[in-house]
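J.: Put together the whole structure using the sequences plus the hints.
Protein chains: 2
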Amino acid sequence: MSIDQRMRADIAEAIFDQRLAPGTRLSEAGLGEIYGVSRTVVRKALFHLAADKLVDIRPNRGAIVWQPSPAEAHEVFTARRVLETSLLAESLPCMTPTDHAELDRILAADIAAHEAGDRQAMIRASGDFHRRLAAPANNSVLLAFLDELIGRSSLIVALYDTRDAAPCAHHDHAALLADIATGDVAPAQAALAAHLRDCQDRLVLDAPATETPALADLLRGPRRA
Amino acid sequence: MSIDQRMRADIAEAIFDQRLAPGTRLSEAGLGEIYGVSRTVVRKALFHLAADKLVDIRPNRGAIVWQPSPAEAHEVFTARRVLETSLLAESLPCMTPTDHAELDRILAADIAAHEAGDRQAMIRASGDFHRRLAAPANNSVLLAFLDELIGRSSLIVALYDTRDAAPCAHHDHAALLADIATGDVAPAQAALAAHLRDCQDRLVLDAPATETPALADLLRGPRRA
DNA sequence: GAAGGTCGTATTGTATCCAATCCGCCGGGC
DNA sequence: GCCCGGCGGATTGGATACAATACGACCTTC
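For the protein sequence lines, the chains are E and V, in the order given. Residues in the first sequence are numbered consecutively from 2, following our numbering. Residues in the second sequence are numbered consecutively from 2, following our numbering.
FYI, nobody ran anything at the bench for these hints, they're computed from the structure. As the structure is a prediction and not an experimental result, all values here were calculated from the model. Among the hints, a few may not be true.
When chains are identical, the list treats them as one kind, so a pair holds in a single copy or across two.
Simulated pairs of lysine to any residue, SDA-like, Cα-Cα distance not exceeding 20 Å [unchecked claim]:
(1) K54 / A90
(2) K54 / N139
(3) K45 / L93
(4) K45 / T79
(5) K45 / A176
(6) K45 / D11
T.: What follows is the structure, encoded as structure tokens:
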């Protein structure tokens with residue numbers, strides 16, 4: 002694996018694992034020092050991460066870990082609901098026993114991670130579950146879109162879901178698998194949509210710690226009072 | 002607009018307009034010469050175009066205009082069908098009279114371009130039509146996905162749709178608007194899906210001119226005979 | 001004491017230079 | 001005559017050097 006791919010993987014993992022908080026500055030020189038490479042390859046990695054929407058490159062002001070606004074977080078989860086439910090309609094009829102077994106395996110890993118309190122493993126298992134759910138649809142273009150959304154979701158969960166609850170409750174996944182086993186599309190879609198809506202609703206979208214207080218409101222306060 | 006953005010826009014336009022055929026080599030030095038910039042900024046532009054899936058960067062072998070295989074072309078249109086039909090379900094209930102008027106306007110432009118035989122304007126109008134169709138859903142994430150697919154479709158149409166027929170027949174668009182006017186989601190979705198399927202079926206997916214003959218088959222021929 | 005301006009430092013943006021890789025060409029060998 | 005290997009030009013990959021921009025601290029002024 003090339004060095005810039007390793008950097009990308011490292012940074013993405015660090016973001017999902019909450020070691021790199023949204024808004025954290027990613028200086029080119031600093032990263033270059035860490036990995037022993039020049040800024041050229043660092044920029045390449047950062048640019049790629051920006052394409053994945055995990056970091057935000059502000060011209061002349063450096064790269065920071067993407068800091069989704071509540072509205073953006075909302076949009077990402079809405080997008081997932083739309084995309085994944087229609088993707089499920091494509092994939093469900095194509096599922097083989099192998100697919101079902103794989104989903105069971107991932108669910109088990111999810112539960113294990115939950116019991117172990119391993120947040121990173123939980124996020125990874127949840128992502129894998131949703132990826133696997135869509136995989137039988139066999140469309141790499143849509144799969145790539147889903148991949149991007151799952152990555153961004155992981156960041157959002159890391160930022161806004163501060164509770165102890167699992168990022169994606171495995172109970173929902175288990176119930177979803179039951180619906181899937183029947184082979185009926187509509188109930189499975191409904192279950193998936195409800196699950197994603199739950200994830201969305203669990204986010205604490207007001208008052209993220211890293212957001213700067215709204216200066217405009219502060220200034221307008223005195224006049225209003 | 003910065004110079005690398007201009008380069009990106011120029012190259013994308015040239016691709017859609019068939020001035021740059023799929024497979025065309027985009028050398029860094031050459032582009033740098035044309036725009037009077039160093040290879041650094043050229044690479045940046047090419048990298049961005051690669052993120053949009055319009056060019057393919059092959060390590061150590063330079064960048065070429067994306068040359069979709071028949072299978073990839075098929076996947077892109079299938080992805081559009083899945084994405085756009087579900088997007089339509091979101092956007093249709095949100096449409097305002099302004100949206101309907103805008104769709105009518107774009108359709109008129111499409112027809113005008115068709116009568117003028119302006120292929121570039123046709124492709125642009127068709128893209129705008131589909132974009133506008135999804136816009137009321139008001140989800141910038143999904144809109145961005147659609148944008149990427151529309152761009153890739155334009156390239157595919159330029160490569161595989163060699164007939165005189167419009168890349169996206171405006172008759173289909175007109176019929177679709179009639180369904181949309183009723184406000185019923187299901188018929189409109191069906192019309193949209195049928196339209197996209199038509200576009201897909203019209204592509205001449207066998208024997209693209211630029212594809213190299215399958216060497217493996219040629220070599221195996223004698224043994225078979 | 002607060003506001004505004006100016007300078008200094010740090011960081012990013014771009015150009016250029018050197019190294020590594022690839023591709024076509026040529027010659028030798030079978 | 002065909003295939004394989006080596007050589008040379010061309011092109012990309014990466015590192016460094018320089019220019020431009022932004023941010024923060026300090027100072028001046030009111």
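J.: Would you mind marking each hint as holding or not holding in the structure?
T.: For each hint, the structure was consulted:
1. K54 / A90: This pair counts as neither: shortest intra-copy Cα distance 27 Å, inter-copy 26 Å.
2. K54 / N139: Between copies, since 19 Å is at most 20 Å while 24 Å is not.
3. K45 / L93: neither (38 Å within a copy, 40 Å between copies)
4. K45 / T79: So K45 and T79 fail the 20 Å test inside a copy (30 Å) and across (31 Å) alike.
5. K45 / A176: neither (42 Å within a copy, 46 Å between copies)
6. K45 / D11: within (14 Å within a copy, 23 Å between copies)
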